[in-house]
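Colleague: Residue numbers (the numbering used here), protein chains in the order written: chain A, 232 to 442; chain B, 232 to 442.
Keep in mind the hints are simulated off the structure, nothing from the lab. Just so you know, not all the hints are guaranteed correct.
Copies of the same chain look alike in the list, so a pair counts if it fits in one copy or across any two.
What the hints assert, rightly or not - Distance condition first, Cα-Cα at most 25 Å in a straight line; then the derived SDA-like pairs of lysine to any residue:
1. K236 / L377
2. K393 / G313
3. K434 / S401
4. K393 / A286
5. K236 / G354
6. K393 / Y351
7. K236 / R350
8. K393 / R247
9. K236 / E353
10. K434 / Y351
11. K437 / A361
Given next are the chains, with one letter for each unit.
Number of protein chains: 2
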Amino acid sequence: MILQKAAIEALPQRTRAALINSLPGYKPVVLVGTINRAGQTNLSVINSCFHVGAAPPLLGMIIRPAPDGTERHTLENIVETGCFTLNAITPDMAQRAHHTSARFPRDQSEFDACGFESRYLEGCAAPCVADSPLQIGLTLAEHQILQINGTHLIIGAVELIKVEEAAMRSDGSLNLSALNIVTATGLDTYHSVGVGQRFAYAKPQKIPETL
Amino acid sequence: MILQKAAIEALPQRTRAALINSLPGYKPVVLVGTINRAGQTNLSVINSCFHVGAAPPLLGMIIRPAPDGTERHTLENIVETGCFTLNAITPDMAQRAHHTSARFPRDQSEFDACGFESRYLEGCAAPCVADSPLQIGLTLAEHQILQINGTHLIIGAVELIKVEEAAMRSDGSLNLSALNIVTATGLDTYHSVGVGQRFAYAKPQKIPETL
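Sequences are here, hints too, so could you generate the full structure?
Modeller: Listed below in structure tokens is the structure:
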């Protein structure tokens, strides 16, 4: 089946959103922890996190300027305090994590409403999710509104990482299978992932070996 | 284990890159197909693709301005022709896909060197990967160099989608498990993914049900 632009644009809004959200494939899914100046915490699930660079260490995410919805609280808190956390999700956390996407009122913290414990790590004013196996504290490094559709691009500088030492391999990479974290598809599905195939640094002359 | 910024910055460059590339979790991984004005094709694997919006349908990716490496050819071709394709990867394709990250000379196409057949779809000047189960044709919609680290942000407008009709659910979402596509971690690992848990649209009052 080939869908041309006109056919895509003719889809009902929710159908098109579900399709386009499926196109990247399996996506990172994390809980974003924030706090405002008054001390009100917020937690929201996002699946638009991506690597921007390692030196300096930077992660990006896209936040939609919803006229309502929880994501606006997240965005406002990040801009207000200049910090946020990203927290990986395990299968046990997936249902509660999905619940954070509901439209909770501003004065209700998704930490409480969805059953997550907050924890503060030294050097980061925003709350982490206590039982997440990978907690990352970031400061706001760049914020821009993309001309093309008015979504917000947020880039954070990694300030601290909390992870089990056993999950870090000698080469620096994390064994995410050992951490039992999930990946997401579309807007609503959370998947466990197997060990995978790992390949050597690629060179032109030969097919990369399996490690 | 908690790694503070100073400890992260003190890591050797490759170790830090492996760690920071692991932080988003499981990432989309796709082959980017391009062609230059002279007709030379290029194919490179990237794991920084993300959803930008559904109306209009937009996908983003980050391309590092490596002084060498294949990604520069991809970037140059996209800027030169204004179009590119994204192609999902199956487990059978993973090793060959990883091979495209090697530093091939400009006059050698990774389609040939890594064993992929190119295919052109009507309405898209850039080549698709013939045996990919999800082929997406895009035109360049926004290109900027991020101030924070000089990487290139590329946003493409989705012009066409080629996918098996059976993989598209009635709500518009794609069944990626049925397409047998992989996800990536770090810089070198490709994982198959199980069926997953799917949840209903979330509302504040109750935990979302499993679909």
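Colleague: Hints numbered earlier in the text: which of these fail when held up against the supplied structure?
Modeller: Violated hint: only 10; rest satisfied.
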